[in-house]
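Quick mapping for you: the protein sequence lines, in order, are chains A and B.
According to the numbering used here, the first sequence is numbered sequentially starting from 1.
According to the numbering used here, the second sequence is numbered sequentially starting from 1.
Honestly, the hints are just simulated from the structure, not real lab data.
No residue lacks a Cβ here, since even glycine has one placed at the ideal position from N, Cα and C.
Some hints here could point you the wrong way.
Unchecked claim - The list that follows gives simulated cross-link-like pairs (lysine to any residue, SDA-like), each with its CA atoms no further than 25 Å apart: (1) A:K157 <-> B:V27; (2) B:K157 <-> A:V31; (3) B:K170 <-> B:R130; (4) A:K45 <-> A:Y29; (5) B:K170 <-> B:R322; (6) B:K45 <-> B:Y29; (7) B:K170 <-> A:K45; (8) B:K157 <-> B:R322; (9) B:K157 <-> A:K45; (10) A:K45 <-> A:T306; (11) A:K157 <-> A:V129; (12) B:K170 <-> A:F257; (13) B:K157 <-> A:R310; (14) B:K170 <-> B:S152; (15) B:K157 <-> A:E125; (16) B:K170 <-> A:T306; (17) A:K157 <-> A:A33; (18) B:K170 <-> B:R290; (19) A:K157 <-> B:Y318; (20) B:K170 <-> A:R19.
Unchecked claim - Partial selection, computed: residues in chain B whose CB lies under 10 Å from chain A: (21) D37; (22) L40; (23) R130; (24) L151; (25) D267; (26) R270.
Claimed, not checked - Chain A residues, not near chain B, derived (Cβ > 12 Å throughout): (27) A107; (28) G112; (29) T124; (30) F135; (31) S152; (32) T217; (33) R232; (34) A275.
Protein chains: 2
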Amino acid sequence: MAATALFGPVADDLDHVERELARVARVEYAVLATLLDHLLEIRGKRIRPALVLLAAGFHDYPLDRLTKLAAAIELLHTATLVHDDLVDEAATRRGVATLQTLVSERATVLVGDYLFARSASLCTETGSVRVMRVFGDTLATICDGELRQILSHGELKTSLDDYYRRIISKTASLLRTATETGAILSGAPEWAVSALRSYGENLGIAFQIVDDVLDFTADERSLGKPVGNDLRQRTITLPTLWLLDNRPEEQAVRDVFAATEHDEEEDAIRRAVAAVLNSPAIGYSLNLARDHCARARAALDGLPDTPHRRTLLSLTEYVLERQS
Amino acid sequence: MAATALFGPVADDLDHVERELARVARVEYAVLATLLDHLLEIRGKRIRPALVLLAAGFHDYPLDRLTKLAAAIELLHTATLVHDDLVDEAATRRGVATLQTLVSERATVLVGDYLFARSASLCTETGSVRVMRVFGDTLATICDGELRQILSHGELKTSLDDYYRRIISKTASLLRTATETGAILSGAPEWAVSALRSYGENLGIAFQIVDDVLDFTADERSLGKPVGNDLRQRTITLPTLWLLDNRPEEQAVRDVFAATEHDEEEDAIRRAVAAVLNSPAIGYSLNLARDHCARARAALDGLPDTPHRRTLLSLTEYVLERQS
Numbered sequence: 001m002a003a004t005a006l007f008g009p010v011a012d013d014l015d016h017v018e019r020e021l022a023r024v025a026r027v028e029y030a031v032l033a034t035l036l037d038h039l040l041e042i043r044g045k046r047i048r049p050a051l052v053l054l055a056a057g058f059h060d061y062p063l064d065r066l067t068k069l070a071a072a073i074e075l076l077h078t079a080t081l082v083h084d085d086l087v088d089e090a091a092t093r094r095g096v097a098t099l100q101t102l103v104s105e106r107a108t109v110l111v112g113d114y115l116f117a118r119s120a121s122l123c124t125e126t127g128s129v130r131v132m133r134v135f136g137d138t139l140a141t142i143c144d145g146e147l148r149q150i151l152s153h154g155e156l157k158t159s160l161d162d163y164y165r166r167i168i169s170k171t172a173s174l175l176r177t178a179t180e181t182g183a184i185l186s187g188a189p190e191w192a193v194s195a196l197r198s199y200g201e202n203l204g205i206a207f208q209i210v211d212d213v214l215d216f217t218a219d220e221r222s223l224g225k226p227v228g229n230d231l232r233q234r235t236i237t238l239p240t241l242w243l244l245d246n247r248p249e250e251q252a253v254r255d256v257f258a259a260t261e262h263d264e265e266e267d268a269i270r271r272a273v274a275a276v277l278n279s280p281a282i283g284y285s286l287n288l289a290r291d292h293c294a295r296a297r298a299a300l301d302g303l304p305d306t307p308h309r310r311t312l313l314s315l316t317e318y319v320l321e322r323q324s
Numbered sequence: 001m002a003a004t005a006l007f008g009p010v011a012d013d014l015d016h017v018e019r020e021l022a023r024v025a026r027v028e029y030a031v032l033a034t035l036l037d038h039l040l041e042i043r044g045k046r047i048r049p050a051l052v053l054l055a056a057g058f059h060d061y062p063l064d065r066l067t068k069l070a071a072a073i074e075l076l077h078t079a080t081l082v083h084d085d086l087v088d089e090a091a092t093r094r095g096v097a098t099l100q101t102l103v104s105e106r107a108t109v110l111v112g113d114y115l116f117a118r119s120a121s122l123c124t125e126t127g128s129v130r131v132m133r134v135f136g137d138t139l140a141t142i143c144d145g146e147l148r149q150i151l152s153h154g155e156l157k158t159s160l161d162d163y164y165r166r167i168i169s170k171t172a173s174l175l176r177t178a179t180e181t182g183a184i185l186s187g188a189p190e191w192a193v194s195a196l197r198s199y200g201e202n203l204g205i206a207f208q209i210v211d212d213v214l215d216f217t218a219d220e221r222s223l224g225k226p227v228g229n230d231l232r233q234r235t236i237t238l239p240t241l242w243l244l245d246n247r248p249e250e251q252a253v254r255d256v257f258a259a260t261e262h263d264e265e266e267d268a269i270r271r272a273v274a275a276v277l278n279s280p281a282i283g284y285s286l287n288l289a290r291d292h293c294a295r296a297r298a299a300l301d302g303l304p305d306t307p308h309r310r311t312l313l314s315l316t317e318y319v320l321e322r323q324s
């Protein structure tokens, strides 16, 4: 779907964000510039910057400062992806080679750090202490979530609470921060900041649940990475959790975690994916995602019926329907 | 030297910083808490937090916000060390095992990120947009310097300008930021902010030159890491630069860079270290360090003769005399 259809009234302003991001890659040091260009090529839908602009659209709309904020949030997202892909030893992201396949792991660590730094720098240009505070706390939350995931790596025991905590810190916290800080910069009253914050968090939870479902249901080409990748990373997501809780006799997931050889592991992953697809696990997961989209929509009840609100509402549909 | 002797009037207030740092390690997640405790054990002299407090001592002294700032700067320093040690594949730091020898490299990347995040978070608690801006820019400067170092890795061609640029971004920028932001938080007039900033930068340059000299002259035990380590990392520092420029017939450094086998490399390092020690390279380097200490002292000319100023002056002596 084109940005205009998806992001309605803020589609044009996203071009400013794009130019701000391009400025980050324009560094005098040629090798670094090439790497940053490459990273900016692996572009997603720019949903986070769009959320910043959409959330600000109900009150004042200080475009210049919003552009800095939106770019800062997209860069923070990019920085976490660089370190995530390194940590996950991923070879591709959206079908494009990840950084550590092009340069050393050492350089990849530092390019990620550099993006964190530029992101923090851009955020200070909003001039809002409150925005910076939310931003800093979110960065800490994201890292905390990643650390828990990696340090509990290989543990089969995951509860629904663990899963929620992980996806909130990993994904929903940044979507929540996008709408919350966009609202703050627009000078929105507290009830509206709170409403838009809740919208962002619930949209983010739904977004990640759908992501975790797609890891089972999508094909490798549209996903840009191999199917069953979460299991390969020993990460228990919602569909797997359903299977473990409701089909205790099914051994496939345990076999993945116990596998010591590549072929044995791939065979176990294939069986686990099939077991999930042949169970109500996907339906159950998508129902939870739908539930959070409904909560996201309900959070907007008090806001006026404007193109911005209608776009935020339609994003809750898009999140559920997306195939990649 | 004890903190009281070294840091005079702010020695007691450094305890507050220590408590603030300890709070960062007090996280509910046990594995992470252990790792953070370990990192806080590898403690240096806390020169950066002391500089924050000393620079603030000429005007207002908002202890609570200064404590947050000083802890933020020490954490930023710690975060860069975690990633540096990972990138340098160092096994020890100040004689203590580095993080990646205790947990996976993946976890080490994320612990470093977590410290960056907590550092940024603490910095926002100063409530000063200007402080946050300087802080964010410094983080970008440090990462940029590290990246240049790693991406130009193995290049023998280094100029004095390259060297200065690298040590300013790697070390002096953070000492400069410590004194500059301490001065800003104290509401110092612009001329005093600028004077204290210049003091910090020159002290930092001298500090790093002495560090680079110690890599040749110290013994392994007091250094907490092997001698000749910079050459081992293919990093050209000031003494090596002098040798390359003034003893073009000496092959040892080129042999280090050309070495493909461990024994061959270690032999070349031994010869290069000996060549440096038997030349005026160390004297030349220490003269430059002395020169920057004199500039640091001169920067304080306009400030009143207080215990804080006397302590800052004596720190320029300490930096030159330290053996580890």
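Hints, one by one, checked against the model:
1. A:K157 <-> B:V27: Holds, because 21 Å separates the two Cα atoms, which is no more than 25 Å.
2. B:K157 <-> A:V31: With Cα atoms ~17 Å apart, K157 of chain B and V31 of chain A stay inside 25 Å; holds.
3. B:K170 <-> B:R130: 22 Å, holds
4. A:K45 <-> A:Y29: 28 Å, violated
5. B:K170 <-> B:R322: 20 Å, holds
6. B:K45 <-> B:Y29: 28 Å, violated
7. B:K170 <-> A:K45: 36 Å, violated
8. B:K157 <-> B:R322: 30 Å, violated
9. B:K157 <-> A:K45: 43 Å, violated
10. A:K45 <-> A:T306: Distance of about 22 Å is within 25 Å: holds.
11. A:K157 <-> A:V129: Judged against 25 Å, a Cα distance of about 40 Å means the pair is violated.
12. B:K170 <-> A:F257: 42 Å, violated
13. B:K157 <-> A:R310: 59 Å, violated
14. B:K170 <-> B:S152: 15 Å, holds
15. B:K157 <-> A:E125: Answer violated: K157 of chain B to E125 of chain A is near 37 Å, above 25 Å.
16. B:K170 <-> A:T306: Given pair K170 of chain B, T306 of chain A is violated - Cα atoms ~50 Å apart, limit 25 Å.
17. A:K157 <-> A:A33: 43 Å, violated
18. B:K170 <-> B:R290: At roughly 19 Å apart (the allowed maximum being 25 Å), R290 of chain B and K170 of chain B satisfy the hint.
19. A:K157 <-> B:Y318: Status violated; Cα separation ~54 Å.
20. B:K170 <-> A:R19: Distance ~29 Å between K170 of chain B and R19 of chain A Cα, so the pair is violated.
21. D37: Interface hint status for D37 of chain B: violated (15 Å vs cutoff 10 Å).
22. L40: The hint is violated - L40 of chain B has no Cβ within 10 Å of chain A, the shortest such distance being about 17 Å.
23. R130: 9 Å, holds
24. L151: Holds - the Cβ of L151 of chain B comes within 10 Å of chain A, reaching about 5 Å at its closest.
25. D267: Constraint on D267 of chain B not satisfied, violated at 26 Å.
26. R270: 26 Å, violated
27. A107: Violated, because the least Cβ-Cβ distance between A107 of chain A and chain B comes to about 5 Å, which does not exceed 12 Å.
28. G112: Check fails; 8 Å does not lie beyond 12 Å.
29. T124: 4 Å, violated
30. F135: At about 8 Å from chain B, F135 of chain A fails to clear the 12 Å cut-off, so the statement is violated.
31. S152: Incorrect as stated: the minimum Cβ-Cβ distance to chain B is 8 Å, not above 12 Å.
32. T217: Consistent with the label, T217 of chain A stays out of reach of chain B, its closest Cβ about 28 Å off (over 12 Å).
33. R232: 15 Å, holds
34. A275: Non-interface label stands for A275 of chain A: nearest chain B Cβ at 28 Å, farther than 12 Å.
The structure fails hints 4, 6, 7, 8, 9, 11, 12, 13, 15, 16, 17, 19, 20, 21, 22, 25, 26, 27, 28, 29, 30, 31 (numbered hints given earlier, in ascending order).
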